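Asker: Single-letter residue listing:
2 protein chains.
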Amino acid sequence: MKPKELREKIRRGEFASHTSGVCHNYVQANLAIVPKEYAFDFLLFANRNPKSCPIIDVLEAGKVESALALGSDIRYDIPLYNVYKNGELTGRLKDLGDVWSDDFVSFLIGCSFTFESQLVKENIPLKHIEQNKNVAMYITNIETNEAGLFKGPVVVSMRPIKNELVQKAIAITSKFPNMHGAPIHVGNPMEIGVENLTTPDFGESVEVEEGETPVFWACGVTPQSVAIHSKIPYVITHAPGHMFVTDITNEEYLSLNIER
Amino acid sequence: MKPKELREKIRRGEFASHTSGVCHNYVQANLAIVPKEYAFDFLLFANRNPKSCPIIDVLEAGKVESALALGSDIRYDIPLYNVYKNGELTGRLKDLGDVWSDDFVSFLIGCSFTFESQLVKENIPLKHIEQNKNVAMYITNIETNEAGLFKGPVVVSMRPIKNELVQKAIAITSKFPNMHGAPIHVGNPMEIGVENLTTPDFGESVEVEEGETPVFWACGVTPQSVAIHSKIPYVITHAPGHMFVTDITNEEYLSLNIER
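Protein chains in written order, with the UniProt record's numbering: chain A, 1 to 260; chain B, 1 to 260.
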């Protein structure tokens, strides 16, 4: 299925589940919508934390079509949305038709699917994919660089990597500074404030076995997490796993980033 | 002289001239100040035009100290400022004490001095430096990627490069994507809408001689030029050549950028 077909199905209410594995090899994006009043601080926060917050598109106040998805409508083309008021989840919506305001600025943020496709392509096995699980994510004791109202800890995703492949995984991901980039930590989780790998803050636990090293990358959930916890009056996000699917392929996106 | 000493001299009114060649090897920055209402659009414009607009620091509304210059005060540490109202130059000020508002957001933008130091260090002679001239700048027919109110043509700087060194100059500057990066054009000026190299729009003309190729890089004057021409009510910039001098060296800045 092409992304355009998927978005049309979602819009007609014919596709309502998560998007993992759908439209293989097309870039999927996290969504964060904030009122214009907070948009400058949020964009600045993303700029100051490029590893956690790879912004892939910004839809200016009131705009609903992403440049990365022709004919798209950000109000209708995601299967499920979460609405947060003052930091509390107050609604789960199938579309934003009723709550939309021309004051809303939408941010599309890179997602680990893009990042992982590159690792798998270069023969780094990823256990959570093999086990059909969501990646394990942890809140660390590393502070983000704050901007205006937005501050809070970095969220990381952890992938167990075979010891002999750790350097290769670092080398590959270093090539994509605008898509999380090199790991922010390798090895002992305690050093970044993660007490127990078996109880992730988000996602599902994946065992680190003998001969494997836990490798931690900055995670695109960070900006959403920080936006929610800053308790601004209104934040809308996609519901976990229910992503915005763009028309560009992972390769196109990564090569664009290198050129920049 | 260390940058801190220079900034203190400027603040005391003991240094009032341009900063070219002062505090050799420390990063100097262009300044653009806009009211908070326009800050989101301006930052988004910079993000969408990274070659022309390498943002090196943002001072949030009302803040006056740059993280790149301990104890600095953006209102007093530049020798001369230009004030534009609705796109017209209305004042040239020695400091911003009387006009400052807590609503002002300050953007520090990379300057070609950083970029050029790298070329010279790698033995690419730059004629305008040898001739003690300001670099030649031209308004092109290439449109920037617009954001909100901000749109307009890319401004380029041109440097005549010996034919046999052009590939090397491209290779060196490609390594610094966040500091203008690779040239946006090499060769015939007409192709980017520049009719006559001897009459630059800004700076001073430098002759392209036999055995040399004109090489064009996106120029950090672009965002200022666009901010002024968008006719927003209020924009403050440094006066040409009168830059903000930071505490970080060119090498520190360029390696920071690579890591990002």
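There could be a bad hint or two in this list.
Identical chains share a label here; the pair holds if one copy fits it or two copies do between them.
[As the list claims (entries may be wrong)] In silico BS3-like links for lysine-lysine, alpha-carbon gap of 25 Å or less:
{"id": "1", "residue 1": "Lys175", "residue 2": "Lys85"}
{"id": "2", "residue 1": "Lys162", "residue 2": "Lys133"}
{"id": "3", "residue 1": "Lys175", "residue 2": "Lys4"}
{"id": "4", "residue 1": "Lys151", "residue 2": "Lys36"}
{"id": "5", "residue 1": "Lys121", "residue 2": "Lys63"}
Don't read these hints as lab results, they were simulated from the structure.
Computed from a predicted structure; not experimentally measured.
Asker: Hint compliance check: list the failing hint numbers for this structure, sorted ascending.
Answerer: Checked against the structure, the hints that fail are numbers 1, 3 and 5, while the rest are satisfied.
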